[in-house]
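Below are the chains, spelled out letter by letter.
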Amino acid sequence: MLIKLPDDILSSEITPESIYQQRRRFIKGMALTAAGITTSALMSACNNQNGNASSSKTAPTQNAPVFDDLKSSEFNTDEELTKWEHAINYNNFVELGDGKTSPIKNADKLVTRPWSVSVEGEVDKPGTLDIEEILTQFDLEERIYRLRCIEAWSMVIPWVGFPLSLLLKRFQPTSKAKFVEFISIHDPKRLPGQRSDFPLVWPYVEGLRIDEAMHPLTILSIGMYGKVLPNQNGAPIRLVVPWKYGFKSSKSIVKIRFVEKQPLPSWVQAQPDEYGFYSNVNPLVPHPRWDQRTERRIGEFFKRDSMLFNGYAEQVASLYTGMDLGKNF
Amino acid sequence: MTKNDIFFKTLVFIACLLPLTFLITNFFLQKLGANPVETIIRDTGLWSLRFLMMTLCITPLRKLVGWQWGMKIRRMLGLYAFFYACLHFTAYLWFEEFFDFAAIWTDVMERPFITMGFITFVLMIPLAITSTHAMIKKLGGKRWQQLHRLVYLIAITSILHFWWMADSKGVLTTPIIYAVIIAILLLMRIFFLKKSSKFLGK
Ligand code: HEM
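Protein sequences appear in the order of chains Z and A.
Mapping of the first sequence onto our numbering: position 28 corresponds to residue 28, and the numbering continues sequentially without gaps.
To get our numbering, take the position in the second sequence, counting from 1, and add 1000.
So here's chain Z without its partners, still in its complex pose (with noise of 0.2 Å):
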């Protein structure tokens, strides 16, 4: 079969990954420029179930590709993407019901407009932004990192984002401010799991110490795969540490707070002998629940071996040096 090829794509670019690429500059090319829109405009579209009529038209679906010219990062894993469907449709996000598929099944209980994340604490200038003020004051990156849960299976995922400490540092955090805590939304007349008796404390609470969050591997992300992040994977606004377990990537954040005291996050609070603060992925830390040593990568029928820092051991070992991760687990 003969395909034509437009002419400023060059044959040799069509490997696997660019597929998705210049798929994702193409319509987004055409969505910007043929409705006129600008991105902020295009998300709020995207993300609003009763979009007005006028831009419900031209806006593409949720599952259109927005973004492009994303600047690559050097820290991109070169290792196949995850499929987007179980990207999107094998999610843990107890907020949203405690089932693996629960959370698609729920995801329009979440109402990610009108949306803020307040920055309080420890800081010079307190303040809240906007979420439209997020999406386009800072430069989006894809980073495309590795994500392992602690219930030992993984995903490769492309996040859109920008770097955590960029954000942070506009409000000026205080020589006290030693640890950073994240509080995700709590709406327990939409949200079902924060009705249900899942034992979590809500809001869910989780926290980093100052330098994990200022390291340059940890993202804010809104997006994946050049698409607005799905509700069940935590939009609009959400953590990527993708050196630690999961669960320390906190989804749908409202307030970030300096603080002088190594936060609680919610697991930690409801089972501390099972749940540490730190969660770096560490083979050689059991769980008496899941085997850390190794883990199923979505879309793999056997497993993988399990590494150090989820394989970011170069870039954050010395986060931890002379600490017993053991204990500190």
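Read the hints as simulated data drawn from the structure, not as lab findings.
If a hint is listed, it holds; no wrong ones were tucked in.
Keeping only pairs whose Cα atoms sit at most 25 Å apart, straight-line, the calculated BS3-like set for lysine-lysine is:
1) K1003/A x K1072/A
2) K178/Z x K255/Z
3) K1063/A x K1198/A
4) K125/Z x K261/Z
5) K83/Z x K105/Z
6) K169/Z x K71/Z
7) K1009/A x K1063/A
8) K1169/A x K105/Z
9) K100/Z x K1031/A
10) K1142/A x K1063/A
11) K100/Z x K1169/A
12) K327/Z x K1169/A
13) K255/Z x K169/Z
14) K1072/A x K1142/A
15) K189/Z x K1169/A
16) K261/Z x K169/Z
17) K1169/A x K109/Z
18) K176/Z x K125/Z
19) K1142/A x K1194/A
20) K261/Z x K176/Z
21) K105/Z x K1031/A
22) K169/Z x K125/Z
23) K83/Z x K1031/A
24) K1195/A x K1142/A
A short list of chain Z residues far from chain A (calculated; beta carbon distances all over 10 Å):
25) K105
26) E120
27) D187
28) R190
29) V254
Label pairs and their in silico Cβ distance ranges:
30) W84/Z x Q1145/A: 54 to 64 Å
31) T1173/A x R113/Z: 31 to 41 Å
32) H186/Z x G1170/A: 13 to 23 Å
33) K83/Z x K1003/A: 48 to 58 Å
34) W84/Z x T1059/A: 49 to 59 Å
35) H186/Z x T1174/A: 19 to 29 Å
36) E314/Z x F1098/A: 26 to 36 Å
37) T1174/A x L284/Z: 26 to 36 Å
By construction, the Cβ of each residue, glycine as well, lies at the ideal position given by its N, Cα and C atoms.
Following the hints, position chain A with the ligand against chain Z.
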């Protein structure tokens, strides 16, 4: 065996294979979700437990409702519980651990819920082996019956296996439902025991 018996048993035999048939069909249709191995292991484990519970229902149904037909399929149900446990264990050995026996041993020792699953499986083996008529004869009815009381222990350890598995996420709804049913089935035994000792007393 009458013709009706053979028909009835064949029907039950085929019905018991349905969960496996669905699992295999859905595997090839790629309908087991993003993590098919997880689905296979969970499904076979759950069916093993369900057949165990069905086996434990036979005696209460006979004593309380007077249904005698259950006795005809009790052994088959028990063996199906073992059959699904074998599938469950094999899926674990093969798809999870790839027959790395050193890793399996560490895992059995390290994760309490795996320890309990393993104990349950080991306890099932003597019951499966001694399930034939020849074995009943060889052991003698009384000793056979004593040995097969192990099934009560198996019921308890399998619930612990399930419970401890779910405990890390704290979502215990399903294990609680199964535990309550098993508890009722076991408590009935105590009730029957008391009743029969009363008769003996007279
Ligand atoms: C050597 C023996 C066994 C091993 C290694 C084993 C291992 C496992 C594993 C790995 C899981 C799945 C955990 C997960 O999804 O992460 C599981 C679940 C389960 N197993 Fe076993 N198991 C064993 C024996 C048994 C036996 C004998 C029974 C039943 C009588 C049983 C009943 C169950 C049940 C009910 C579940 C939960 C299913 C669900 O979540 O829906 N297991 N077992």
